[in-house]
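Number of protein chains: 2
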Amino acid sequence: MGITIQSIIEGLIAPVGKLEQTCDTLKCGNPDTEVTGIVVAFMPTQYVIEQAIARGANFIISHEGPFFSNHDDCSTLVDDPVYQKKRNTIDESGIALFRFHDYWHRYKPDGIMAGLLQELNWTSFVQEHYAASTVLQFPKETVRGIAEQIKNRLGIQYVRVQGDPDTVCSKIGLLAGYRGLGQRAIPFFEQDQLDLIIYGEGPEWETPEYVRDAIYQGKHKALIVLGHAESEEPGMKHLANLLSNKYSEIPVFYVKERSIFQII
Amino acid sequence: MGITIQSIIEGLIAPVGKLEQTCDTLKCGNPDTEVTGIVVAFMPTQYVIEQAIARGANFIISHEGPFFSNHDDCSTLVDDPVYQKKRNTIDESGIALFRFHDYWHRYKPDGIMAGLLQELNWTSFVQEHYAASTVLQFPKETVRGIAEQIKNRLGIQYVRVQGDPDTVCSKIGLLAGYRGLGQRAIPFFEQDQLDLIIYGEGPEWETPEYVRDAIYQGKHKALIVLGHAESEEPGMKHLANLLSNKYSEIPVFYVKERSIFQII
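Chains as they are written, first to last, in our numbering: chain A, 4 to 267; chain B, 4 to 267.
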């Protein structure tokens with residue numbers, strides 16, 4: 004018998020220890036099945052699932068859940084044809100899907116952050132890792148210059164920027180995923196004397212409005228918004244590399260989606 | 004004695020009736036003060052407050068609150084210099100600030116929606132007003148064409164689009180503000196057989212991922228994201244016009260902010 008889904012899950016959660024409350028569960032599939040291949044993705048989209056099937060991989064590890072929500076309750080979707088087709092694709096394939104979100108964020112450092120820093124080639128600038136954010140001491144660079152580095156290194160078409168693109172920054176706070184909430188990001192500016200925060204996603208009426216007022220008051224602050232997926236995909240690519248090294252006998256594929264939005 | 008702040012507030016809430024639970028309260032100022040002028044804005048930014056002072060207006064009516072949150076609790080901000088300066092500006096001016104959010108959304112039709120439709124010149128396409136959304140029967144038009152109309156008429160630089168810009172749409176769902184949540188927007192597609200949803204803001208991992216899967220499955224769906232402020236500002240401009248007509252003896256100013264993000 005080869006390696007089972009259950010044993011891979013146990014390996015993934017071991018560095019953290021079992022969490023009492025978590026969205027990281029096996030959403031479908033039999034944990035005792037032998038793994039034929041692993042697809043790692045940020046989001047288990049219809050495309051990602053079909054890619055797994057086409058590549059003969061019977062195990063998907065994704066950061067987000069399959070049904071457009073943080074919750075597993077699909078009761079409002081039962082009559083929806085998009086949901087039904089996706090559900091059927093999963094059920095007929097017998098594929099297993101494990102959500103790896105909370106555990107990966109609790110690695111030290113956060114696995115999503117580690118992957119993002121690696122992809123940005125900024126690991127050497129890290130001054131401090133907090134549980135949900137990282138402070139970088141950066142060579143002096145303008146907001147525009149930093150935005151261009153991000154676009155080039157993450158392969159994304161645009162970022163959204165609040166503040167003067169010519170503002171020179173050296174102390175930068177980085178928050179991956181949906182961590183742009185005012186409660187988290189606003190005190191971060193002051194506590195770590197940041198010039199710039201870069202986050203994945205957050206409510207538009209919170210942190211961006213704080214930065215708007217700060218700038219109007221004459222303070223040198225700026226904000227770059229990457230996009231939720233854009234900020235977390237590199238962390239899943241990083242996971243795929245780790246799994247590939249650990250399980251050399253199992254094919255591991257990282258499947259990347261296109262950016263969710265285009266600008267018109 | 005002229006018109007008091009309290010009497011204007013009473014006029015604003017009268018069409019809805021007093022709500023038991025609401026964020027629409029007088030955040031500062033004395034309700035018995037005689038109104039010298041009204042500034043209406045989406046967000047009471049530092050700039051908006053200073054504009055009110057400069058124009059001799061002692062009453063601000065805004066859709067959102069002044070301190071970067073839906074909640075009035077500022078305990079985490081007390082030591083923050085941006086908060087302190089804004090707080091001082093408000094306190095020293097003696098200006099009154101009323102948040103007009105829940106009531107305005109409960110007008111029939113929703114005052115924010117009415118203003119947005121008017122600004123877009125789409126009022127004649129309305130097929131049905133629901134409490135929190137509106138269905139439009141649109142002359143056949145591509146997603147790109149609709150995006151260009153929105154940009155021109157709202158005076159915004161960009162919109163974010165999910166889906167093929169050449170998709171032809173005729174049945175459109177419109178949601179202003181933070182109403183792009185999957186719970187609300189996903190069933191809306193199916194229930195009203197929509198080709199396109201246009202919303203202000205919503206979580207990126209919910210509705211946009213549903214649309215991504217729908218498109219990959221071959222369904223003709225699309226999504227346009229306006230931005231939160233961009234979708235609600237016209238509703239506050241509309242309010243300013245109504246107040247200006249109602250209180251011809253009081254100067255009423257609509258103060259518009261610049262878009263919160265630029266694209267790089």
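Rather than coming from a laboratory, the hints here were simulated on the basis of the structure. It is possible that some hints are incorrect.
Identical chains share a label here; the pair holds if one copy fits it or two copies do between them.
[Unchecked claim] DSBU-like mimics (lysine-lysine), calculated; alpha carbons at most 30 Å apart, straight line: (1) Lys154 x Lys21; (2) Lys21 x Lys174; (3) Lys222 x Lys143; (4) Lys222 x Lys88; (5) Lys249 x Lys174.
Structure-based check of all given hints:
no.: 1; hint: Lys154 x Lys21; in the structure: neither (37 Å within a copy, 50 Å between copies)
no.: 2; hint: Lys21 x Lys174; in the structure: neither (35 Å within a copy, 48 Å between copies)
no.: 3; hint: Lys222 x Lys143; in the structure: within (17 Å within a copy, 48 Å between copies)
no.: 4; hint: Lys222 x Lys88; in the structure: between (51 Å within a copy, 11 Å between copies)
no.: 5; hint: Lys249 x Lys174; in the structure: neither (36 Å within a copy, 51 Å between copies)
Violated hints, in rising order: 1, 2 and 5; the structure is consistent with all others.
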